[in-house]
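Visitor: Please build the complex by placing chain E on the supplied structure of chain R, with the hints as guidance.
Okay, here's what each chain looks like letter by letter:
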Amino acid sequence: MPIVEGFSFDLTVIWAFVIAFAVLVYVVLDGFDLGLGMLFAAEPESEDRDVMMNSVAPVWDGNETWLVLGGGGLFAAFPLAYSLILPALYAPIIAMLLALIFRGVAFEFRWRTKRWRGVWDLAFIGGSGMAAFAQGVTLGGLLQGITIDKAARSYAGGWWDWLTPFSVMVGLAVMAGYMLLGATWLVMKTEGRLRDRMRARAWVLGLATVLFIGAVSLWTPFLQDGYYSRWFTGWARGLALGVAVAVLVLALGMFRTLRVRHHDYWPFVFALGMFVLGFAGLGFSMFPYIVPTEVTIWEAAAPRNSQMFMLVGAAVLVPIILIYTALSYWVFRGKVDPDAGYH
Amino acid sequence: MFESFDPVMLARIQFAFTVSFHFLFPAFTIGLASFLAVLNGMWLWTRDTRYLDLFRYWVKIFALAFAMGVVSGIVMSYQFGTNWSVFSDKAGPVIGAPMAYEVLSAFFLEAGFLGIMLFGRDRVGPALHMVACLAVAVGTAISAFWILSVNSWMHTPAGFTIDPDTGQFLPTDFWQVIFNPSFPYRLMHTVTAAYLTTAFIVGGVGALHLLRHRHRRDKVSPATRTMFSMAMWMAVIFAPVQIFLGDMHGLNTLEHQPAKVMAMEGHFEDHPEGAPLYLFGLPNQDEQRLDYAIGIPKLSSLILKHDLNAPMQGLSSIPREDQPPVAVVFWSFRVMVAIGFAMLGLGAWSLWARLRGRLHDSPWLHRAAVVMAPSGLIAVLAGWITTEVGRQPFTVYGLLRTGDSAAPLDAQAVGASLMAFIVIYFAVFGAGTYYILRLMSRAPALSEARLKDVTHSPIRTAGVTPAPQHLARRDGSNNQPGE
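Residue numbers (our numbering), protein chains in the order written: chain R, 1 to 343; chain E, 1 to 483.
Rather than coming from a laboratory, the hints here were simulated on the basis of the structure. Fair warning: there could be bad hints in the mix.
In silico contact screen, one side only, chain R against chain E (beta carbon under 7 angstroms); selected entries [said to hold, decoys possible]:
no. : residue
1   : G62
2   : L80
3   : Y228
4   : V269
Computed footprint of chain R on chain E, listed as stretches where at least three residues anywhere in the stretch have a Cβ under 8 angstroms from a Cβ of chain R [unchecked claim]:
no. : region
5   : 68 to 82
6   : 95 to 101
7   : 414 to 421
8   : 431 to 440
Sample of chain E residues lacking proximity to chain R, with all beta carbon distances greater than 12 angstroms (derived) [to be verified]:
no. : residue
9   : N309
10  : G314
11  : I318
12  : L381
Fair warning: this is a prediction, and the values are worked out from it, not measured in the lab. We treat Cβ as the ideally placed atom computed from N, Cα and C, and that holds for glycine.
Bound-form chain R, shown alone:
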């Protein structure tokens, strides 16, 4: 694949942004679903669990669809990257898919049985936790680089290459971050004691998330030379400092609004902000590589007419999707009423 300048250059970059956007939307939306699922473990009361699950029941399916767009978009726009990354991260990806099965069916199954409800609650907790961990490991595995045979256009590493202290740490970081999203989501969507407990949990989880962001940020530059030079040369040093300060400011904002009553929306907003910044930082590290630091987005790109054909659809459909997704959230806005359900 030649690196084509001009129009093709723009299309490829646009597609990289579209897919990054899909992944980001997935991470924050399903992030609070999965985090909420993990927090199930700490809330044994069935009434609390019902309220928690009902707060996401109408929207989880739409949230998860962004994962399909991320994967499907990668397949369509960067088929080479798709065919290199997925075999390389085979085990965590299969684990994530299986975990998402348990998590997804629990939404329906737990209402269909009394005797086995505990089992499906466990499936919900375990599925959410495993999916979050596997997603983190996948990210870590990609960041640390994968072994490829570029001439053969194929993965050339072993089946446990992804398993390193770094990828495990990113897995734990994602779990903590998702739980923070889940806790702040529940602060926003619930009332009374459940909300108060979630405020307290969000404190601890917020602290853990900030520490994990710091650890990943400090470790990443030493994984590959490219990352180091990207962040620690010239003007980027200022940017790195700026991002760090911004994360801290957002964290402080979150901690502050967690203390104050009647600020139930703000902690979630601040937590989202931290995720967006962290994600942007990852993108800044990786660009223009899609398989760091072996394959650039241009090398992996689908031909121009494929990208163009899809872009027409995406330009029309993504805004429409965002509108009716917003509509769905608007319909189910406000606190979950524990007496009335969501009727």
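Guide: Chain E only, in chain R's frame:
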């Protein structure tokens, strides 16, 4: 433990297993989504509570089946990369775009409006709720459109060139890619199959409850009668349509994938003076002959060429290494056809009973309908196996061999994940199927209106507001995909 296995064969088994399991759910929910939209529309139009009762009855089943379809479908969108990475790299530039369109135009539509359809009736008002029901139904149909287009392209690739350096398929004309030669036939045949599948399940459930109360007809709810009647109309109309469409699809296959039709027919040898239609036989691919064959002379030529004496070539004209596995294709095709004619028969029987005014009073018809309830699912799988195994040994027919499509995986990795899929699918989807069957075993209306044995009313605290209790029970007691 999998060292001695061929990783490509394991990957094929894995894909066949996960896609077969997955396919059962959309085959059911495509039709059910439309059925629900019709029921909701009928309720709004006529204000006849039968339709609302039926909607409430089936929407719970829909929610379960749809959730299982979603989670098993996400697996499929990643299987291409995990297990078939070479295929993905080569075919991605062509089929990636239609698949992305499926996500953008169908999956989001279904998922985005599902919440409103299941939980939103009282929040959004009847108009928007109806829109949500329609959006979900249309979404399932759009999804079928794109994925069957992609699937058809693998059978009858068109609108591309091959990059000499990378071996990638490069699109030249997306119109040709999407509307490739087998697509219109496959789309019609498969979507009709999905509607029939739903119709026979709905009809079987209706028949079950008619049978249960055959001695106390006053206990049969109007909703039960309506669902059986609607389902049987579907059988009457769509079973013959489906046989016609299947015939057209077969002729199209003969044109583009003759080897598949030869395998379906069990034609190993050439028949220069008209080929027989074999009803039975044991394909013996090693010896390249059909053992114990029972056939009707020249009928195959009549069906496929509309000429008793039309010459037809057999598999012997095709190199052994390019032949599909004949026995699988031969038998799965016969299962599908047999079920198709059984559906036609049940539809005719129901029409006869209906004309005599005994549609709801014919226990043997109802028994047959109960037995036939899962027939659509079996036929859909059998048809799917016929066409997909008939495509072998290629992933992109004639151009990319299956053996050259797989990911560079150890047998260990594929085998271990295959075991995990098998265990988890049977456990999880087995449980889900059990819950669906349990919902079906309760009669509609009765169960909807007076649920006394509610095991789960998680949200309703006991003894709130006595007055609307009845209403509250009606729509809230099951809490979940209720209204």
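Visitor: Each hint: holds or not?
Guide: Status of the hints after comparison with the structure:
With 7 angstroms as the threshold, the beta carbon of R/G62 comes within range of chain E, its nearest partner Cβ sitting at about 4 angstroms, so the hint holds. Nearest Cβ of chain E to the Cβ of R/L80: about 5 angstroms, under the 7 angstroms cut. The hint holds. Here the hint on R/Y228 is broken, as its CB sits about 30 angstroms from the closest CB of chain E, past 7 angstroms. At a threshold of 7 angstroms, the smallest CB-CB gap from R/V269 to chain E is about 22 angstroms, leaving the interface hint violated.
Chain R is given as covering the region 68 to 82 of chain E, and this holds because 12 residues of the stretch bring a CB closer than 8 angstroms to a CB of that chain, at least three being needed. Check result for the region 95 to 101 of chain E against chain R: holds, 5 residues qualifying (beta carbon to beta carbon below 8 angstroms, three or more required). Counting residues of the region 414 to 421 of chain E whose CB lies closer than 8 angstroms to any CB of chain R gives 3, which reaches the minimum of 3, so the coverage claim holds. By the rule of at least three residues with a Cβ nearer than 8 angstroms to a Cβ of chain R, the coverage given for the region 431 to 440 of chain E holds, with 5 such residues.
Its beta-carbon lying about 47 angstroms from the closest one in chain R, E/N309 satisfies the requirement of being farther than 12 angstroms from that chain. E/G314, annotated as away from the interface, keeps every beta carbon of chain R farther than 12 angstroms; the closest lies near 38 angstroms. The Cβ of E/I318 sits about 30 angstroms from the closest Cβ of chain R, beyond the 12 angstroms cut-off, so the non-interface label holds. Once the 12 angstroms rule is applied to beta carbons, E/L381 is consistent with being away from chain R; the minimum gap is 20 angstroms.
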